[in-house]
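S.K.: Following the hints, put chain S in place on chain D, whose structure we already have.
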Amino acid sequence: MRWDKIAQSEDFKHLISIKSRFVVIAIIISSVYYFALPLSVGYFPKIMNQKVIGSINLAYLFALSQFFVAWIIAGVYARVANRHFDPLADKIKKQYVGGLEK
Amino acid sequence: MNWLAIGMFVVIVGITLGITYWASKRTKTTTEFYAAGRSISGVQNGFAIAGDYMSAASFLGIAGLIALYGYDGFLYSVGWLVAYIVVLILVAEPMRNSGKYTMADVLAYRLSPKPVRSAAALSTLVISTFYMLAQMVGAGSLIKLLLGIPYEFSVVFIGIMMILYVTFGGMLGTTWVQIIKAGLLMFGAIFLSVWVLGKFHFNLVDFFNKIAAQPEHGQKFLEPGQLFKNPIELVSLGMALVLGTAGMPHILMRFFTVPTAKAARTSVLWAMGLIGSFYIMTTFLGFGAAYFVGSSAVKAADKGGNMAAPLLAQTLGGGPGTVGGEFLLAFLCAVAFATILAVVAGLTLAASSAFAHDFYVNVIKGGSADEVTQVRVAKRTGVVVGIIAIILGILAKGQNVAYLVALAFAVASSANVPVIILAIFWKKFNTGGAVAGIIVGLVASVGLMAISPNVMGKAAIFPLGNPGIVSIPLGFIAAYLGSVFYNEKSAAAAKFEELYVRANTGLGAE
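Here the protein sequences come in this chain order: D and S. Letter by letter, the first sequence follows residues 1 to 102 in the working numbering. Letter by letter, the second sequence follows residues 1 to 510 in the working numbering.
Chain D with its partners taken away, still in its complex shape (with noise of 0.2 Å):
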């Protein structure tokens, strides 16, 4: 069993290294959007009740933009991830997995 040997070769540590970024990266974003939306309807109603559209206030379209945040940081997760995660990991698959065996 190589599992250090994999550790330390460079591919993985590449691979490691792009990952986190984007991980932490994409994490800190969505929980500050995300959290912007309690605290400001919260802390904020005066702002948060102002009329955009008719009766449609800044509160509802603020929470309606947290799907479509979601679901645009999940989309770029997906393309990041099938673009640069998974050719790392499958090299790195494909060149240990006959020295794997016991």
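Treat the hints as calculated values from the structure; they're not laboratory data. None of the values given here were measured: they were computed from a predicted structure. Please note: incorrect hints may appear among the correct ones.
[What the hints assert, rightly or not] Below are the DMTMM-like pairs computed for lysine to aspartate or glutamate, each with C-alpha atoms no more than 25 Å apart in a straight line: (1) Lys427(S) x Asp90(D); (2) Lys100(S) x Asp90(D); (3) Lys13(D) x Glu510(S); (4) Lys94(D) x Glu510(S); (5) Lys427(S) x Glu10(D); (6) Lys91(D) x Glu510(S); (7) Lys5(D) x Asp72(S); (8) Lys5(D) x Glu510(S); (9) Lys46(D) x Asp72(S); (10) Lys262(S) x Asp11(D); (11) Lys114(S) x Asp370(S).
[Said to hold, decoys possible] So, partial list: chain D residues that the calculated Cβ filter (under 10 Å) puts toward chain S: (12) Ser30; (13) Leu39; (14) Tyr43; (15) Ser55; (16) Asn57; (17) Gln66; (18) Phe67; (19) Phe68; (20) Phe85; (21) Asp86; (22) Leu88; (23) Lys93.
[Unchecked claim] Far from chain D by the CB rule (all over 12 Å, computed), these chain S residues: (24) Arg38; (25) Ser41; (26) Asp72; (27) Lys144; (28) Phe157; (29) Leu184; (30) Lys199; (31) Lys220; (32) Thr322; (33) Val323; (34) Gln399; (35) Ile439; (36) Gly457; (37) Val484.
Positions of the beta carbon are idealized from the N, C-alpha and C atoms, including for glycine.
M.R.: Chain S in isolation, oriented as in the chain D frame:
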């Protein structure tokens, strides 16, 4: 007696039992029983996750909250979808790559198996029990209200159904029950939404203007603050909703049914599409019920507002007593019934795997039990879990459903999530941290809930109905301190490399 509704219930029961019979012929090994032989495709699993996830709380509960309190109810919808970002990016693929049947498999990889599996099995059983109770109580009240069948009888009936699905159909049967339910639920929601919006010529602005113009509601109804007065409460609820999903055992278990990590990713994307569309539609159902049925009429039918969607269907169909009204009401109730059955089946399976796979096979038997014994124990556990759920469901009659669901999410986010995330990403994490994290998260969330306004009313010691903002950090801190102070002799850190490689590449994945 509503014979139309009974007829539709019978049709749903018949179809699901047919599936169970078909699945039972294909369920023999442990992997088949717990993970449908890893034969489910990404798209199928996406539908099944949606079916597993959107419980009575989503369909009946949120529509009801919006119908009664307007805007604030929608905040649940938002949190429950955004939660899937955490699932997608942090847990789905590592789970699939390094686990077998349960989340404890992932923990046991690098940590001392017995204490970790015992703690994880305990938290899984607690979460599944509270969540299942919420579904049973909801279903019992719903069926009683609609069909006039006594509460206790309804609970026993649902319990028997879930035992049949799980013990005979295993994960394969449960998956297809969930897929069909997701299809039915989406159809019902789209159908009602289109009808509601059609009444306003598909003009969303006109829809909201007319609601605001009703004397019963006014513009205030579209504004936040009708249900939640305290901003901290909102943040605390948000934390539990967003993190809790990633610690829900019945959701995590779904990732073991697909063949690869890529399929796990695809399934979350499909689930997010379905769940998100559904939750956006809750505004049309909820506000629609407020407009057409009226908030006070919804409240008169059920104090918690749970009858909002079925009443909306009845009203749109022509009102009580008309053919259209009764038909639509019966259809919506059948959908709600299917919803509950699919969720309780998933929960029963998760609870059975926690006991049979984690506790019995790996702790008591030390991992040495043959296939036949494992499947037999798993099935027997399913029966026992079902019977316990029936007894507790009858005892919990009259309990507040929202409170039970909030409790399940609080425990999942405080006890399971810190430990899962640290096990996958933190090298110095060890057995001490895992056990401390689970136990402290569990005790803190249940304890704070017990002294919250939900239980103690005005005399509450803890001011928030949702303990997440306190109990989630406590879970993380305990997991951290436990790891720092516990001196692990075995090679937990060295094993981390193995788990890390496996989780990120899928090498050696089962």
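S.K.: Which numbered hints turn out to be false for this structure?
M.R.: 7, 26 and 31
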